[in-house]
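Asker: As you go down the protein sequences, you meet chains A and B in turn. Be aware that the first sequence starts at 1, since it is given in the working numbering, and climbs by one per residue. Be aware that the second sequence starts at 1, since it is given in the working numbering, and climbs by one per residue.
Don't read these hints as lab results, they were simulated from the structure. Computed from a prediction, not measured in an experiment: that's the story for all the values here. Keep in mind that a hint or two might mislead.
Here are some chain B residues pointing at chain A (derived, C-beta under 8 Å) [as the list claims (entries may be wrong)]:
{"hint": "1", "residue": "L54"}
{"hint": "2", "residue": "R56"}
{"hint": "3", "residue": "R87"}
{"hint": "4", "residue": "F97"}
{"hint": "5", "residue": "P104"}
{"hint": "6", "residue": "Q118"}
{"hint": "7", "residue": "L122"}
{"hint": "8", "residue": "R128"}
{"hint": "9", "residue": "F239"}
Backbone N, C-alpha and C fix where the C-beta goes; we use that ideal spot for every residue, glycine too.
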Amino acid sequence: MLFGMSWDTQHGELAFAISILPILLRGLIVTIEASLAGFVVALVLGLILTVLKSARSRLISWPAIVVAEFFRDTPLLVQLFFLYYVLADYGVILPAFLTGALALGVQYSAYMAEVYRAGIEAVPRGQREAAHALDFSGRRTFTHIILPQAIPRIVPALGNYLVSISKDVPVLSVVTVLEMLNVAKIIGDQTFDYLVPLTMVGALYLILTLISSALVNALDVRLPKTGLPLR
Amino acid sequence: MTDPIIRFDKVVKRYGALTVIDELDFTVAPGEKVTIIGPSGSGKSTVLRILMTLERIQGGVITVAGEPLWHEERNGALQPAGEAHLRKMRRQLGMVFQQFNLFPHMTVLRNVAEAPCQVLGLSRQEARERAEELLKMVGLEDHMQKFPHQLSGGQQQRVGIARALAMRPRIMLFDEPTSALDPELVGEVLTVIRRLAEAHDLTMLLVTHEMRFAREVSDRVCFFDRGRMCEEGKPEDLFTHPKELRTREFLKAVL
Numbered sequence: 001m002l003f004g005m006s007w008d009t010q011h012g013e014l015a016f017a018i019s020i021l022p023i024l025l026r027g028l029i030v031t032i033e034a035s036l037a038g039f040v041v042a043l044v045l046g047l048i049l050t051v052l053k054s055a056r057s058r059l060i061s062w063p064a065i066v067v068a069e070f071f072r073d074t075p076l077l078v079q080l081f082f083l084y085y086v087l088a089d090y091g092v093i094l095p096a097f098l099t100g101a102l103a104l105g106v107q108y109s110a111y112m113a114e115v116y117r118a119g120i121e122a123v124p125r126g127q128r129e130a131a132h133a134l135d136f137s138g139r140r141t142f143t144h145i146i147l148p149q150a151i152p153r154i155v156p157a158l159g160n161y162l163v164s165i166s167k168d169v170p171v172l173s174v175v176t177v178l179e180m181l182n183v184a185k186i187i188g189d190q191t192f193d194y195l196v197p198l199t200m201v202g203a204l205y206l207i208l209t210l211i212s213s214a215l216v217n218a219l220d221v222r223l224p225k226t227g228l229p230l231r
Numbered sequence: 001m002t003d004p005i006i007r008f009d010k011v012v013k014r015y016g017a018l019t020v021i022d023e024l025d026f027t028v029a030p031g032e033k034v035t036i037i038g039p040s041g042s043g044k045s046t047v048l049r050i051l052m053t054l055e056r057i058q059g060g061v062i063t064v065a066g067e068p069l070w071h072e073e074r075n076g077a078l079q080p081a082g083e084a085h086l087r088k089m090r091r092q093l094g095m096v097f098q099q100f101n102l103f104p105h106m107t108v109l110r111n112v113a114e115a116p117c118q119v120l121g122l123s124r125q126e127a128r129e130r131a132e133e134l135l136k137m138v139g140l141e142d143h144m145q146k147f148p149h150q151l152s153g154g155q156q157q158r159v160g161i162a163r164a165l166a167m168r169p170r171i172m173l174f175d176e177p178t179s180a181l182d183p184e185l186v187g188e189v190l191t192v193i194r195r196l197a198e199a200h201d202l203t204m205l206l207v208t209h210e211m212r213f214a215r216e217v218s219d220r221v222c223f224f225d226r227g228r229m230c231e232e233g234k235p236e237d238l239f240t241h242p243k244e245l246r247t248r249e250f251l252k253a254v255l
């Protein structure tokens with residue numbers, strides 16, 4: 001029994017599969033929530049890293065570069081354990097789900113920063129020069145001229161990372177988050193049938209990934225290539 | 001003679017080991033229309049880009065309307081200027097680019113109204129009225145709600161001119177404004193610039209390859225070669241009786 005739902009092991013594999021589907025779907029919802037939460041953290045933190053890394057003062061840019069490298073070059077599991085166990089020793093106790101979303105966000109923010117940088121550099125230099133000639137401040141140039149043109153260029157890459165994040169969510173099971181794989185494992189542990197739940201997890205992941213890729217593509221096609229229109 | 005609005009005093013610009021502007025002395029009087037001609041690599045566009053504060057200088061002093069452009073006076077000595085000073089100085093200049101550099105994600109109207117609204121602090125209504133007036137002046141009143149990619153090159157460049165004028169600069173810089181245009185679209189842009197040249201108080205600095213046009217609109221033509229001003233004079237003199245050998249060779253090649 002899990003989430004107050006029980007399974008049927010008496011009437012063959014199909015009946016078993018049908019009976020555990022709602023339980024796995026509960027896990028899938030957690031997986032989606034964790035992916036989205038991690039994605040949002042990565043989006044925001046990545047943008048902050050991008051801005052800091054490109055700061056004119058080395059006092060700001062160097063630490064940001066080091067931090068981003070550190071985020072990117074250490075395993076997700078290490079970061080996760082660190083947030084979950086080490087911080088707890090210092091009195092910072094975060095719920096498992098929040099810890100997981102943070103760890104995913106931190107890890108992926110470093111990758112996002114690279115995507116942002118590439119998107120920003122792809123905006124022609126003349127745009128910056130025109131803004132400069134019109135006496136826009138550096139900040140306004142970034143928010144009104146560069147960013148609206150960079151975003152449509154980076155949507156496909158960001159979408160790929162969203163899919164990647166969702167595929168990393170099972171790592172959160174080690175800190176007790178009840179995402180889909182963890183749910184399947186618990187069912188397996190209790191029924192001694194791993195084949196059916198794990199196969200279903202694979203299939204559900206495939207469906208999830210295909211749907212999110214399709215959504216990202218649809219968004220990519222919709223967005224005007226010239227930039228987010230400011231009327 | 002009145003005080004010059006632009007003065008270059010032994011200005012040096014280098015890219016690494018390459019000297020692009022070599023101890024240039026150069027002045028422009030208020031309201032004067034000056035055309036700069038010369039072979040590519042002669043530093044003519046660099047002069048405009050330095051004035052627009054897009055390129056730093058490595059030596060010398062530039063004065064715009066009596067104030068140093070790249071320097072400010074602190075403790076009685078000239079120091080490299082801070083951002084606040086540069087922003088204040090930049091207000092006096094407007095620039096039209098070879099590649100137009102319109103903002104592709106904004107309508108034509110917004111392209112022109114954005115800076116007056118965001119930088120000068122005009123209300124939306126005021127900025128809009130100013131933009132509409134200027135777009136009417138360049139003959140684009142029917143295209144205000146379009147995006148730049150829906151316009152021809154000539155129309156885009158006219159938006160570029162309106163956009164620069166919307167900041168009410170005292171000095172307009174034109175960096176090869178027609179070089180990126182199809183030949184049949186050059187005329188409409190030159191017509192707009194010609195009309196601007198009739199305004200007495202607007203100082204204009206124009207880099208162009210349109211020799212006939214240069215001859216028509218400018219008070220003075222300067223021939224640049226290898227980072228120096230090789231020869232200057234009234235257009236009728238310089239084009240018909242160039243004194244320097246380099247000028248003669250260049251004119252023979254382009255005319």
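Asker: Are the hints correct? Go through all of them and say.
Answerer: Hints, verified against the model:
no. : hint : in the structure
1   : L54  : holds, 6 Å
2   : R56  : violated, 13 Å
3   : R87  : holds, 6 Å
4   : F97  : holds, 6 Å
5   : P104 : holds, 4 Å
6   : Q118 : holds, 6 Å
7   : L122 : violated, 13 Å
8   : R128 : violated, 12 Å
9   : F239 : violated, 30 Å
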